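Asks: If you follow the hints, you should be able to join the two separate chains into one complex; please do so.
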Amino acid sequence: MSATYLEAIREAQARALAEDPRVFIYGQDVGAFGGAFKATKNLAKEFPGRVIDAPISEDAIVGLAVGAAIDGLRPIVEMQFADFSIVGFNQIVNQAATLFWRTHVPCPITFRLPCGGTSGSGPFHSQSLETVYAHYPGLVVMTPATVEDAYGMLLAAVTLEDPVIFCEHKLLYYHLKADKLPTEALPVGKARIARVGRDLTIVTYSAMLHEALVVAEELAGEGTEVEVVDLRTVKPLDTDTVMASVARTGRLLAVGESWPWGGVTAEIVARVTSEGFNLLDAPPQRLNAKDTPVPFHPNLWKAHRPTAGTIAAAARNLVRM
Amino acid sequence: MVSSVLSRETGAEAASRRESYIEAYRWMLLARTLDDKFASLYRAGKLQGGVFLGRGQEALSVAAGLALRKGDVFAPLIRDLAGRLAFGEPVVDAVRTYYGSALGPMRGRDGNVHRGRPREGLLPMISHLGAMISVVNGVLFARRMKGVAGTVGVASIGDGATSTGSFHEAINQAAVEKLPLVLVIANNQYAYSTFTDRQFACQALVDKAPGYGVTGWTVNGTDLADCLDVLTSAVARARGGGGPQLVEAHLLRLCGHGEHDDAGYVDPRLKSSEMGRDCLKVAEEFLLKQDWAGRDQLQHWRGESIEKVDQTVAQVQREAGPDPYREDWCALASKHLSEPHPS
Ligand SMILES: Cc1ncc(C[n+]2csc(CCOP(=O)(O)OP(=O)(O)O)c2C)c(N)n1
Ligand SMILES: [Mg+2]
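Here the protein sequences come in this chain order: A and B.
Everything in the first sequence is counted per the numbering used here, starting at 1 for the first residue and increasing by one.
Everything in the second sequence is counted per the numbering used here, starting at 322 for the first residue and increasing by one.
Treat each hint with caution, since some may be false.
Unchecked claim - In silico lysine to any residue, SDA-like type, Cα no more than 20 Å apart, as pairs:
#1 A:K41 - A:V93
#2 B:K391 - B:G561
#3 B:K499 - A:P55
#4 B:K656 - A:H104
#5 A:K190 - B:H662
#6 A:K190 - B:K467
#7 B:K656 - A:T239
#8 B:K358 - B:H662
#9 B:K467 - A:I52
#10 B:K467 - A:R50
#11 B:K467 - A:E46
Stated by the list, open to error - Listed next, with one range per pair, are the computed distances between beta-carbon atoms:
#12 A:A220 - B:G468: 43 to 51 Å
#13 A:E19 - B:G561: 34 to 42 Å
#14 B:H449 - A:K290: 29 to 37 Å
#15 A:L280 - B:G642: 42 to 50 Å
#16 B:W650 - A:G262: 20 to 28 Å
#17 B:G563 - A:K177: 48 to 56 Å
#18 A:L280 - B:V469: 52 to 60 Å
#19 B:G392 - A:F124: 40 to 48 Å
#20 B:G563 - A:N42: 31 to 39 Å
#21 A:R15 - B:G563: 37 to 45 Å
#22 B:G392 - A:E184: 39 to 47 Å
#23 B:T553 - A:R15: 43 to 51 Å
What the hints assert, rightly or not - Far from chain B, by Cβ distances over 12 Å, these chain A residues were calculated:
#24 E11
#25 G34
#26 F37
#27 G72
#28 F124
#29 H175
#30 R192
#31 D199
#32 G221
#33 T233
#34 V269
#35 R286
#36 A308
#37 G309
#38 V319
Bear in mind the hints are in silico, worked out from the structure with no lab data behind them.
Everything numeric in this text was worked out from a predicted model, so none of it was measured.
Heads up, the beta-carbon is just placed ideally off N, CA and C, and yes, glycines get one too.
If we strip away everything but chain B, and leave its shape as in the complex, we get (with noise of 0.2 Å):
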């Protein structure tokens, strides 16, 4: 597809592919230090609760959130924090929420993944599977009621959710309202420890999308490029007016379902396939063929994400845990309205 494109691109066209592809790939190192750095502390006991991984997820991520743009919805999934950061929320945020600190986002009421800004158009998820996307689809509901036009939502989803109730319901949803959503299925082959032929008998989860009467697209989510070209068109598409969208991207999860997980049970023979190519890897060497990027570079761009991110958790770790008794315990906008505690 890239090649097609390349043979027939004017010499700025040329250039700015190149700008998008360096800057997508420097999110996803960015998000790969923040991820390591996050399992390190893991394993070091730092960190309360689970932590969850984006390892070989992050050319698909990162795609989907540089193709959206301030204004625009989306509702990342645990495997996106490369979309997070391409999309805007600072490393800070996502530090804080894994330390609880009350400086974050969820101040310690929520923790790791669980975290967002909603006003920004950053939908903090619920741990409920497929439970976010019906809410992509009310906030540009929302913008429709209100006559803002030209906002995008995309919804983060595994192979695994695509089985609930919730899915269903709200993708049939968009394609009743003919709303711009674009639902990004990241089909990375497991769901925990459940390989996809117990989760679905479908061929594809793309061939879904003719019966719910919306455009499907498939892509290699091992591949920077095919990421860009098609979160692109897709969200494009959406913004044009041409309803929801709905991406496969076939990859493989190259992690545990969350550190605490060995993943044992991943079959040898996929981590060896295409498929089980790293992201990231494959972006470097792209780079470096197509001389977008000498070794050198790529060695600083490292050095500046571990710096960002070192910096960060020095940072945060000094910052103090919320404290109990400040805390309003209320769960109401309207605190007159909060039931007593019997002490």
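Looking at chain A on its own, in the form it has when it is part of the complex (with noise of 0.2 Å):
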């Protein structure tokens, strides 16, 4: 059966149903509609009283699984977009976050955020929130960027026994597709070198990991080889793979769709340099989008994030320096 990245993600919490009896979805019309985006279509009915729609209040959504998580459930929270997490951040990152480091008592909850940018949805319907969550400590995030990994990523997040920030691209929903869903996946923390090559690293992960894919196969044709990093998980942020990567290489670009200042890219580049100084032929380079709110015009929301052609310029200066 083919599957799409999104029906991955229906498939993923439909398994996790009917595997644990302790796995219910709460949130914004996730019942009997099937989600703003349709990502428990059907689920509702297969699984009745366990798929439940909640009121407009992300933090008292967020507080409920917390209760439900401390008396031995493992919630699947839907935010109907990542944007609207925010309002429900100080449970997150303060309540599910800090419980077991305060309590011994584990926090499993999958906070489900549709992340990203998409063109026409403007500034409250396309952020990508993965560095603001990585900052704190007792979160896990994931920003799986195939159907395979939507999948097999969002079952390993709901038998995590933490919190878990399940970023998931919307802008990959639809487009991307697999021949099937996978019945294997790499351990959590682990990231993945989608292409080899030996001129140049590109870490990514999302959406830009497509971009970057373009970006490495246009480099071929110009004779540098591009290897390309899925992070799959930015935090834990698996180094080493990045570290081996850069050692092959000499050159890093690190590559994210957030917000410039600070972050997941910053992040990189911050460990790169200060462990692996020597392995480095040219200064390492990152590239974000626009230090503005995600604009609303097509035009201009092309233009705010990394794309193919931005990629391709900042690795053809890179391999030049």
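Replies: Following this line, the structure appears as structure tokens:
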């Protein structure tokens, strides 16, 4: 059975619900309606009483999930858009993320955040918040880029004993397809070499992986072999895989869709610089969205985020350095 | 209210009412004794961080703690020592958490009033006001999903915290889900230094209950009998399937916001009003008047409380603090996913 990224997310939830009676889904419009993106389509019917519509109360949605987790359940919380998770931010970072450390009682909750920009969505339906959540201790932050990972990592998230921020990219929902869903998954926290190359390493994740792969193909035609690392999980960050790749290529370009101040790409550059300075043949570079809210109009939106065009330009520059 | 009950009650009922009152009084006394001890340790510079007392709120708090039973859920706040003890928190947990002892439930990672044992239904508050209510909802929701009947959850809140978005979201959520939540508002007239007129514009906080579709109750927080009566009824109603209950208690905070605060802003007229009565004194007078206890008995109970507190403090003072070299510095239960700490 072929599946899209979105279908993979639905299938993973169906399987989690079927295999573990402690799992339930809570979020706005997730019940009979099947969710704003249809990620829970038919699940309320297949699993009566376990896929539950919530009021528009992100704070209380997360709080309820924490209480349920304390009592031994494993909630999946669907935020309608990642942007709205900020209303529940306090409960995520101060309640869910501190519980285990403070009390030794684990807090297994999967927070599904439909994230990332899509044309025409504007400042409040386009945010990439992995950086913000990764800053707080006590959370695992996943950013799957493929259909296989959307499926396997979501299943892994539900079985983890910790709160997981599962950033699913809306741009990948419908376009990305796989022939079949995987039976095995890489371990959580392990990055993947998505393409092998010897001249330059691009480290990225989520939708930007696909832009980077386009760039690698394009630069191959110019005689530059780009290695592409898909982080998969931004926290924990698989520094070893990144460092090993930079050891082979001597050049690093970190690409992310979130804002430029601090964040995942800055973290990668900082780690490679401090732990692998001697591996570098050129100053490490990074590319992010611009430091403004995400714009509405397609012309502006396309120029706001990194694209194959801007990534290729940065990569060519880096090779010449 | 109490007197009308009195006239119709049987001998056995009267005896049990007397017993409950005495039990409640003794928890209040223990809480007051321990609070006084914390205050003096704070003044002596023996405690790290803040000290927050429940002075004047023991009657309300103990009534909430006693109305619950094993298996129930309680999310106390900063003025709930009496309720905690009545619900089953050991004195040593409180003392160890104030001292940051490695042997306490929070092991020095969190302190003072931020303590609990989630698996035993005692939720450890985070500081962010209003945030615990929906967590209680979550436990109640889980019980229902697991088919466990009869659990009640009590969440404490102050007048100030009723202004938070979290309060609104959580009580509405409880109402939508028809959860057996009892939300106890201690309207002690002040939120830190802010008087209620800068906090809300409704006549009474209990007026919010019908707006949320929940049952509302008002109680005199200085009167233990009234507190026991109302809290027992509200908890029974929630347990019987009556959905969320909102209780507003009228009382006055008889201490600073914390021990760092001299509360010079509290209106002296409030202090001399009925609301400013000390619930512990009122309870003692009631015990004497009813002839449920004599002065010697009260003195004896006081002595017992002091001994318990002194003994526990002496024990905890000898315990080691947490060792930073033995701390694992890992916030995740999944240790293998811990980020490395560059040295
Ligand atoms: C969300 C939030 N904002 C501010 C504070 C700081 N703060 C702690 S207690 C307090 C006053 C609380 O007043 P009230 O709710 O009436 O409770 P009381 O102290 O009177 O028992 C404030 C402002 C906080 N803990 N949480
Ligand atoms: Mg107050």
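Asks: Hint by hint, say whether it matches the structure.
Replies: Hints, verified against the model:
Our distance criterion of 20 Å between C-alpha atoms is broken by K41 of chain A and V93 of chain A, whose separation comes to about 29 Å. Restraint check for K391 of chain B and G561 of chain B: the C-alpha separation of about 17 Å stays at or below 20 Å, so the hint holds. The straight-line distance between the Cα atoms of K499 of chain B and P55 of chain A is roughly 13 Å, inside the 20 Å bound, and the hint therefore holds. With a C-alpha separation of about 12 Å, the suggested pair K656 of chain B and H104 of chain A falls inside the 20 Å cut-off, and the hint holds.
A threshold of 20 Å between alpha carbons decides the hint, and for K190 of chain A with H662 of chain B the separation of about 18 Å falls inside it, so the pair holds. Taking the CA atoms of K190 of chain A and K467 of chain B, the gap is about 35 Å. The hint is violated against a cut of 20 Å. Distance check on the hinted pair: K656 of chain B and T239 of chain A sit about 17 Å apart at the alpha-carbon level, within 20 Å; holds. Only pairs whose Cα atoms come within 20 Å are accepted, and K358 of chain B paired with H662 of chain B is rejected, the gap being roughly 40 Å.
The hinted pair formed by K467 of chain B and I52 of chain A meets the criterion: a straight-line CA distance of about 15 Å does not exceed 20 Å. About 11 Å separates the Cα atoms of K467 of chain B and R50 of chain A, which keeps this hinted pair within 20 Å; it holds. For the hint linking K467 of chain B to E46 of chain A, the alpha-carbon distance of about 18 Å falls within 20 Å, and the restraint holds. Checking the proposed 43 to 51 Å range against A220 of chain A and G468 of chain B shows it is violated: the Cβ atoms sit about 59 Å from each other.
At about 36 Å, the CB distance of E19 of chain A to G561 of chain B agrees with the hint of 34 to 42 Å. Between H449 of chain B and K290 of chain A the Cβ separation comes to about 33 Å, which falls inside the hinted range of 29 to 37 Å. Range check, L280 of chain A to G642 of chain B: Cβ separation about 44 Å, and the 42 to 50 Å hint holds. W650 of chain B and G262 of chain A have their C-beta atoms about 22 Å apart, which keeps the hinted 20 to 28 Å range intact.
A hinted range of 48 to 56 Å for the beta carbons of G563 of chain B and K177 of chain A is consistent with their spacing of about 52 Å. Range check, L280 of chain A to V469 of chain B: about 59 Å between beta-carbon atoms, so the 52 to 60 Å window is met. Our hint of 40 to 48 Å for G392 of chain B and F124 of chain A holds, since their Cβ atoms are close to 43 Å apart. Remark: the range hint 31 to 39 Å for G563 of chain B to N42 of chain A is upheld by a beta-carbon distance near 35 Å.
Under the hint 37 to 45 Å, the C-beta atoms of R15 of chain A and G563 of chain B, about 39 Å apart, fit the expected range. For the hinted restraint 39 to 47 Å between G392 of chain B and E184 of chain A, the CB-CB distance of approximately 41 Å keeps it satisfied. Remark: the range hint 43 to 51 Å for T553 of chain B to R15 of chain A is upheld by a beta-carbon distance near 46 Å. Its beta-carbon lying about 23 Å from the closest one in chain B, E11 of chain A satisfies the requirement of being farther than 12 Å from that chain.
At roughly 20 Å, the least C-beta separation between G34 of chain A and chain B is larger than 12 Å, which holds for a residue marked as non-interface. The Cβ of F37 of chain A sits about 23 Å from the closest Cβ of chain B, beyond the 12 Å cut-off, so the non-interface label holds. Some Cβ of chain B comes within 12 Å of the Cβ of G72 of chain A; the nearest lies about 7 Å off, and the non-interface call is violated. With a closest Cβ-Cβ approach of about 18 Å to chain B, F124 of chain A is found to remain outside the 12 Å limit, as its non-interface label requires.
Every CB of chain B is more than 12 Å from the CB of H175 of chain A (nearest about 30 Å), matching its label as outside the interface. Every Cβ of chain B is farther than 12 Å from the Cβ of R192 of chain A; the closest lies at roughly 17 Å, confirming the non-interface assignment. A cut-off of 12 Å between C-beta atoms confirms that D199 of chain A is not in contact with chain B; the least separation is 28 Å. Listed as a non-interface residue, G221 of chain A keeps its Cβ farther than 12 Å from every Cβ of chain B; the least gap is roughly 38 Å.
Not every CB of chain B is more than 12 Å from the CB of T233 of chain A (nearest about 8 Å), against its label as outside the interface. With a least beta-carbon separation of about 14 Å from chain B, V269 of chain A lies farther than 12 Å from that chain, consistent with its non-interface assignment. Listed as a non-interface residue, R286 of chain A keeps its Cβ farther than 12 Å from every Cβ of chain B; the least gap is roughly 19 Å. Every beta carbon of chain B lies more than 12 Å from that of A308 of chain A, the smallest distance being close to 31 Å; the non-interface claim holds.
The non-interface label for G309 of chain A is consistent with chain B: the shortest C-beta to C-beta separation is roughly 34 Å, beyond 12 Å. Against the 12 Å criterion, V319 of chain A stays outside the reach of chain B, whose nearest CB is about 29 Å from its own CB.
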